[in-house]
Every structure is written in structure tokens, then in C-alpha cells.
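Please model the complete structure; the sequences and the hints are all you need to start from.
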Amino acid sequence: MPNWKPRIVCAQPENNPFKHDLSELGDIIPFRYCDGSILPQADILVMIEPPLDWLERAETECKGEVISLLAMSEPTAQHIRAALNRLDVAAICGLDETFEKVESLLGQIWAEKAKRDLFPAELAG
Amino acid sequence: MDLIRVGLIDDEPQTLKMFHWEFGDRFDVHTFISGEEALNALDKGLEFDVIISDQRMPKMAGDSVLVEIRRRCEHTQLLITTAYADVEPLRRCVNDAGVIGYIEKPWKPETVVEMVEHARANQLRKKAEDEKTQELVNVWREAIIESRMKDVRLVCETLAIPAHIAEKYRDVVTKIAIEYEAHWTDVGLLPIDEDDRLSLDFLRAAGKIKAESDKSTRHNHNPKIPLALSLELITRCKGEKGPSFDVTREKGRMTLNADAGGCFGDSYLDPLAARDSETLFRNALLLLALDEIEKSCGSLKIDQRNDRLMGSITFQV
Numbered sequence: 046m047p048n049w050k051p052r053i054v055c056a057q058p059e060n061n062p063f064k065h066d067l068s069e070l071g072d073i074i075p076f077r078y079c080d081g082s083i084l085p086q087a088d089i090l091v092m093i094e095p096p097l098d099w100l101e102r103a104e105t106e107c108k109g110e111v112i113s114l115l116a117m118s119e120p121t122a123q124h125i126r127a128a129l130n131r132l133d134v135a136a137i138c139g140l141d142e143t144f145e146k147v148e149s150l151l152g153q154i155w156a157e158k159a160k161r162d163l164f165p166a167e168l169a170g
Numbered sequence: 019m020d021l022i023r024v025g026l027i028d029d030e031p032q033t034l035k036m037f038h039w040e041f042g043d044r045f046d047v048h049t050f051i052s053g054e055e056a057l058n059a060l061d062k063g064l065e066f067d068v069i070i071s072d073q074r075m076p077k078m079a080g081d082s083v084l085v086e087i088r089r090r091c092e093h094t095q096l097l098i099t100t101a102y103a104d105v106e107p108l109r110r111c112v113n114d115a116g117v118i119g120y121i122e123k124p125w126k127p128e129t130v131v132e133m134v135e136h137a138r139a140n141q142l143r144k145k146a147e148d149e150k151t152q153e154l155v156n157v158w159r160e161a162i163i164e165s166r167m168k169d170v171r172l173v174c175e176t177l178a179i180p181a182h183i184a185e186k187y188r189d190v191v192t193k194i195a196i197e198y199e200a201h202w203t204d205v206g207l208l209p210i211d212e213d214d215r216l217s218l219d220f221l222r223a224a225g226k227i228k229a230e231s232d233k234s235t236r237h238n239h240n241p242k243i244p245l246a247l248s249l250e251l252i253t254r255c256k257g258e259k260g261p262s263f264d265v266t267r268e269k270g271r272m273t274l275n276a277d278a279g280g281c282f283g284d285s286y287l288d289p290l291a292a293r294d295s296e297t298l299f300r301n302a303l304l305l306l307a308l309d310e311i312e313k314s315c316g317s318l319k320i321d322q323r324n325d326r327l328m329g330s331i332t333f334q335v
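Those protein sequences? They're chains A and B, same order as listed. One rule links them: number in the working numbering = place in the first sequence (from 1) + 45. One rule links them: number in the working numbering = place in the second sequence (from 1) + 18.
Please note that a few of the clues may not be correct.
[Claimed, not checked] Here are the simulated lysine to aspartate or glutamate pairs, EDC-like style, with alpha carbons at most 16 angstroms apart:
no., chain 1, residue 1, chain 2, residue 2
1, A, K160, B, E153
2, B, K77, B, E55
3, A, K160, B, D204
[Unchecked claim] Simulated coverage check for chain A against chain B, where a stretch passes if three residues somewhere in it have a Cβ under 8 angstroms from a Cβ of chain B:
no., region
4, 125-139
5, 156-165
Quick caveat, the hints were computed from the structure, so don't treat them as lab data. Here a beta-carbon is modelled for each residue, glycine too, at the ideal position from N, C-alpha and C.
What follows is the structure in C-alpha cells.
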């Protein structure tokens with residue numbers, strides 16, 4: 046898998062862009078909450094400070110296949126409930142921990158990809 | 019279809035009763051008044067598809083209970099329920115316990131049903147994929163075993179050992195050797211060139227033993243020695259106890275019984291077994307010993323409880 050790069054959707058507020066650079070971890074697909082509530086397809090979805098009302102209507106077509114991360118300085122229980130129940134969030138972290146957390150979630154993705162590359166036809170579908 | 023096995027942990031007896039009353043017909047419900055009680059039940063072997071825990075409880079809080087449950091049960095789906103907005107425990111539930119849903123209290127029955135069924139579907143999907151993966155791993159393992167069996171057959175052919183001894187070796191070694199369960203990350207572990215080297219080393223080990231054995235037989239003029247010698251050599255590297263021998267005499271017959279005592283170790287056929295020279299040596303010895311035993315009209319018994327090799331030869335005297 047030398048040339049494979051994970052697709053990382055980095056959803057963030059339009060007025061307060063995320064200051065950490067995740068580009069060395071994969072191809073970054075920027076998304077602003079004002080762009081709507083349908084998220085593009087990705088391997089990892091990083092939600093930076095999502096507004097609660099956005100979380101409550103957000104949808105992704107690849108639910109179950111994407112690994113989601115909620116990165117917030119002060120999440121509320123409601124944020125966690127919406128992220129967990131609607132977007133199957135796999136981890137919650139502070140803004141400064143985002144890079145490390147994405148890196149660690151990438152380990153899971155690489156493992157899953159390695160498994161599918163090992164048995165491509167058999168595990169397809 | 020079997021009912022979904024759901025465990026609820028809550029320190030309010032009334033909540034437990036209500037849960038039973040509301041979902042007892044729909045799910046296989048077990049309730050626990052504390053985290054400790056639930057953990058005890060799991061330690062005694064009770065299994066669940068889904069466990070729901072309240073967060074605020076005396077002694078052990080929900081997040082700590084769920085983290086402990088995750089340590090014990092990898093595949094059980096976990097849900098948290100609470101009426102309070104405690105963020106840190108929720109964060110821990112997600113990050114450390116892998117909780118997949120959050121049910122707000124007071125819960126609506128339809129929400130509970132939806133979340134439990136979603137959790138179960140999630141579990142079944144993962145289980146099906148794990149099973150499929152394991153099936154593929156087993157196919158890979160069998161292919162390696164078949165390829166190693168070709169090496170064993172080649173050794174037999176090269177050293178003029180009857181072909182059926184290779185099958186006998188497979189049968190015996192499968193019963194006495196340590197068996198390693200393969201995981202998908204083990205697939206492709208052994209590069210092809212190393213596999214080739216391994217089969218050559220196995221052939222060399224068998225050739226060397228055969229040459230030594232022939233020399234020893236010529237010197238001692240005693241064709242019966244190889245069984246005892248082989249049994250001793252097979253286990254002398256690994257076994258805690260050395261081999262023991264006893265002789266029984268009846269009219270005109272003498273029987274030598276040998277108990278190799280120790281554990282055999284790894285199989286040459288197992289893709290995950292050790293590949294060191296000691297393992298190859300012991301496996302080659304087993305192959306040759308089986309040939310010797312057959313030539314001497316002896317028998318090899320296997321005590322599977324202890325992975326022990328026991329052999330006997332009867333002589334006419």
C-alpha cells in the first residue's frame with residue numbers, strides 16, 4: 046500500500062479555522078459547517094468544534110465505514126450524544142490532541158485496509 | 019431467532035423492574051443493581067450481546083464498569099445511559115470502553131429498542147466478518163500445511179522411507195505438537211525464499227540423523243535401539259522429565275515400553291511454529307522414529323492428555 050493515502054474530511058467552523066496541519070497524515074478534504082450537513086466520503090471524519098445543531102442533522106453516506114473523531118475544547122454531553130448516536134464517533138479529544146488521535150485512528154484504518162488487501166475478493170462487499 | 023441478550027446495570031431497583039417489565043418479552047433481559055454484581059456475573063461465564071449501564075452509581079461509576087467489561091468481553095456492545103451531563107465520564111466511555119450509544123434518561127422505550135437492535139446488528143456484522151476472515155486464515159494455514167507435507171514426502175523419497183510414513187508423521191505430529199491459532203496478521207509472515215530454506219534445512223536435518231542412525235546400527239548390530247534412541251532424542255531438548263523405559267517379560271517375549279515424558283514442542287507443518295534448528299531436528303527425528311518403529315513392528319501410542327509419546331516394541335526371545 047505504498048501509494049495509498051487516507052481521505053481525511055476535516056470539518057471545521059468557517060470563522061475559526063483549525064490551526065493544526067493534518068496534511069502529512071493523508072489527503073485533506075476541507076468541509077465547513079456552513080457547506081451543509083451531508084459529509085463527503087472519507088476514511089476519517091474529523092469534526093472540529095461542531096455546532097450542536099449541525100451535529101443533530103449531519104449525515105454521511107458512508108456511515109459504518111468512516112471512523113469519526115470529535116475534537117472540541119469544551120464538548121457538552123449533548124455534543125457527545127449526537128456525535129455518538131448519529132455519527133458513530135470512535136473517539137473524543139481536545140483540539141491540541143487531534144493530530145495524535147487521528148494518527149492513532151489511522152492505525153485501525155491501515156490494519157483494516159491491510160486485511161482487505163490480503164483477501165481482496167473474499168472480503169469484498 | 020434467539021432473543022438479544024441484554025444486561026442492564028442501574029442502582030435504582032425501580033428502573034431495573036421497569037426495564038424487565040418493558041423489554042422482558044422482547045429481549046433476554048438480565049439486570050444488575052451494581053457494576054460489581056455485573057462483573058461477577060461475567061466472571062462466572064454469563065454472556066451478553068449488549069450491556070447498558072447507568073453512569074451515576076455508588077461505589078463503581080458506569081464508565082469504570084464499562085471499561086472493565088470491555089477488558090473482559092471484546093465483542094459485547096456497550097451503551098451508556100444517564101440523566102446527567104457529566105462530560106468526562108462520557109469521554110472515557112467512548113475512548114476507553116468503546117461505547118457505541120448514549121441513551122438519555124428518562125428513556126423512551128422505542129429509543130432503547132432502536133439502539134439495542136442497532137448495537138446487535140453492529141455486533142453481528144463484525145462477527146460475520148471475523149468468521150469470514152478466520153475461514154480465510156484457515157484456508158491459508160491448510161495450504162501451508164499441504165506445502166510442508168510435500169517437503170516431508172520429498173524427505174521420505176530421498177531417504178528411502180516408505181511414502182505412508184509421511185502421512186503417519188502428519189497424524190502423530192498433529193496430535194502431539196503445540197498448535198498455534200493463526201490470526202490474519204500472520205498471513206504471509208514467512209517469505210517464500212525463507213520457506214524454501216526451511217524445507218532444505220528439514221531435509222538436511224533428516225539426512226544427518228539418518229546417516230548417524232545407520233552408522234550406530236552398524237556398529238552395535240542392534241536394530242532395536244533406534245526406537246529408544248529416537249524417543250530420547252525427540253524430547254531431550256524440551257521435556258521436563260527425561261524418557262523412561264521398562265521391560266516386561268512373558269513366555270518367549272520381551273516388551274520394551276518407552277515413555278518419552280516431555281512435551282513434543284512445535285510441528286514442522288504449523289506455519290506459526292518455531293523454525294529453529296532444534297525444532298527441525300526434533301520433527302525430523304519423529305519422522306525417522308516412525309519409520310524405525312514400523313520396521314521393528316513396534317507401536318507408538320499417544321497420550322493426548324499430556325501430549326506424551328509412548329512407544330513399545332515386543333521382541334521374540
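Status of the hints after comparison with the structure:
no., hint, verdict
1, A:K160 x B:E153, "holds (13 angstroms)"
2, B:K77 x B:E55, "holds (12 angstroms)"
3, A:K160 x B:D204, "holds (11 angstroms)"
4, 125-139, "holds (count 10)"
5, 156-165, "holds (count 5)"
Consistency note: the structure conflicts with none of the earlier hints.
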